[in-house]
Amino acid sequence: MKNLIYLKNVVTLQLDENKCTGCEMCLEVCPHEVFKMNSSHVVIQNRDACMECGACSRNCPFDAISVESGVGCAAAVINSLLGRDASECGCSIEAGGSSNKQGGCCC
Amino acid sequence: MNNTEKRSCSENKISFPIIAEDSICCSAATEAQIIIPGLDQQFVDGTINASAGNLPQVSSKLKWQDIWGTFKARFGVGRMDYTVDPGLYALDNPDNNSPVFVTANYKMSFDYLRRELPGRNAWILVLDTKGINVWCAAGKGTFGTEELVRRIESSGLKKIVSHRKLILPQLGAPGVAAHIVKQISGFKVYYGPIRAQDLPEYLDAGMKTTPQMRIMTFPLKERAVLIPIEVMAALKPFLIITPILFILGGIGGPAGFWANAFNYGLFAVLAFLCAIIAGAVIHPLLLPYLPFRAFSMKGFALGFVATIILLYLRNINLHTGTGRIESLAWILIVPAISSYLAMNFTGCSTYTSLSGVKREMRWALPFQLAAAVCGLATWIGSRLIT
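Chains as they are written, first to last, in my numbering: chain A, 6 to 112; chain B, 82 to 467.
Hint data in this document are derived by calculation from the structure and do not stem from the laboratory.
This structure is a prediction, so every number in the text was calculated from the model and none was measured.
Glycine included, C-beta positions come from ideal geometry on N, C-alpha and C.
Cross-link-like lysine to aspartate or glutamate pairs, in silico, EDC-like; alpha carbons within 20 angstroms at most: (1) B:Lys269 to A:Glu33; (2) B:Lys263 to A:Asp68; (3) B:Lys263 to A:Glu33; (4) B:Lys269 to A:Glu29; (5) B:Lys289 to A:Glu33; (6) B:Lys289 to A:Glu29; (7) B:Lys289 to A:Glu38; (8) B:Lys246 to A:Glu29; (9) B:Lys142 to B:Glu197; (10) B:Lys263 to A:Glu29; (11) A:Lys24 to A:Asp68; (12) B:Lys269 to B:Asp176; (13) B:Lys439 to A:Asp53.
Some chain A residues close to chain B (C-beta under 7 angstroms, calculated; not the full set): (14) Leu12; (15) Glu33; (16) Met56; (17) Cys58; (18) Gly59; (19) Ala60; (20) Arg63; (21) Pro66; (22) Gly75; (23) Gly77; (24) Ala79; (25) Val82.
Could you put together the complete structure from these sequences and hints?
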């Protein structure tokens with residue numbers, strides 16, 4: 006039960022291992038143990054567990070991680086399709102600032 | 082609302098070398114005005130004299146109003162306006178060495194934080210997240226670097242504590258770039274545990290998290306508390322559609338209007354209710370044990386099973402044409418609704434990605450719409466041909 010996994014092979018997470026210095030900041034902020042430490046840098050050990058929250062890319066001081074972050078919420082996606090900018094819970098699907106890419110509208 | 086909150090540009094003294102283009106307002110204001118949260122808020126016990134002025138003092142003990150407020154918010158009553166004033170609060174009797182916790186100005190976030198810190202003296206820095214919880218606000222960016230840096234200034238925190246450490250909930254990390262906060266404000270961000278209940282252990286371990294504290298789970302209890310809000314959301318359209326179904330059930334059919342309405346119309350209402358229970362109650366409860374990965378499929382499966390049980394209980398005569406058509410209608414409608422409701426639970430879950438939700442919705446939404454429309458048309462048709 007601890008390892009609930011959503012759909013496979015959809016996540017947009019990218020790690021540039023050349024830029025990574027192994028500071029382990031991403032390990033600290035990731036809520037799903039997506040990364041693990043290799044000898045000198047981190048590697049992605051569980052890509053499908055990623056929920057694209059964007060915590061790792063925002064907190065990477067070396068810009069080694071990119072992900073199209075956003076809130077995985079169907080109601081928010083529907084709202085954006087309907088042209089409303091936020092659902093009742095206040096979540097909009099686009100993350101507030103600059104991850105490397107913006108999670109924009111689908112379709 | 083506290084009128085110190087009606088700020089214009091005055092609090093924006095510091096310049097943001099990195100996020101300068103984001104900082105709205107005039108940068109001309111010279112002296113950062115200290116903004117003190119309202120002292121007349123229901124949960125404030127007293128004041129504490131700090132260099133920034135008299136700050137509101139709160140305790141870790143929740144009052145009945147707090148508990149009642151949480152209860153109401155769980156049912157969606159006043160939930161969008163359930164806020165505390167942003168700014169700095171004292172938890173019991175902190176001094177200049179006490180730890181500083183950062184949280185959102187959703188009242189439930191604030192309450193859950195202080196509730197877990199009995200017997201601890203600390204400062205609580207509340208960011209203005211427009212009444213949204215830490216996780217959603219971080220995703221949105223309102224629980225973010227800019228607001229944090231600004232709030233450090235406007236709260237006068239630098240004069241109040243001698244250290245330069247902030248404890249943030251780990252779930253605030255999507256909005257906050259720790260290295261940039263350090264660069265601008267000099268404060269080092271420590272990401273604490275995901276759950277406030279782990280805070281005492283975290284503090285006692287010298288601000289060290291264990292792997293357990295950092296992993297987001299979704300246990301039964303956390304899923305269950307989300308059910309009321311899901312049901313309330315589904316109930317509104319349900320109440321609108323109930324009389325329509327009742328009337329449609331009365332039209333056509335073998336017997337008189339009222340006999341038909343109570344037979345077919347009432348069953349239709351019952352079927353809708355079943356769809357809501359399957360999608361908004363059973364689905365969250367059984368989430369980890371249901372087959373399929375996509376939430377809409379989980380909901381569809383549940384709705385299908387519910388329909389079969391429902392039709393069995395109704396004892397429909399499948400040998401007649403109308404019986405078969407009516408059954409077909411419900412096999413289309415009920416799973417479509419429960420599938421849609423289950424899909425909406427992705428927003429509450431703690432492990433769905435936006436890419437995944439979009440992938441799922443691309444086929445699920447047209448499918449749900451088509452099934453619901455076809456089913457409804459079939460049912461209305463079956464009412465008219467007999």
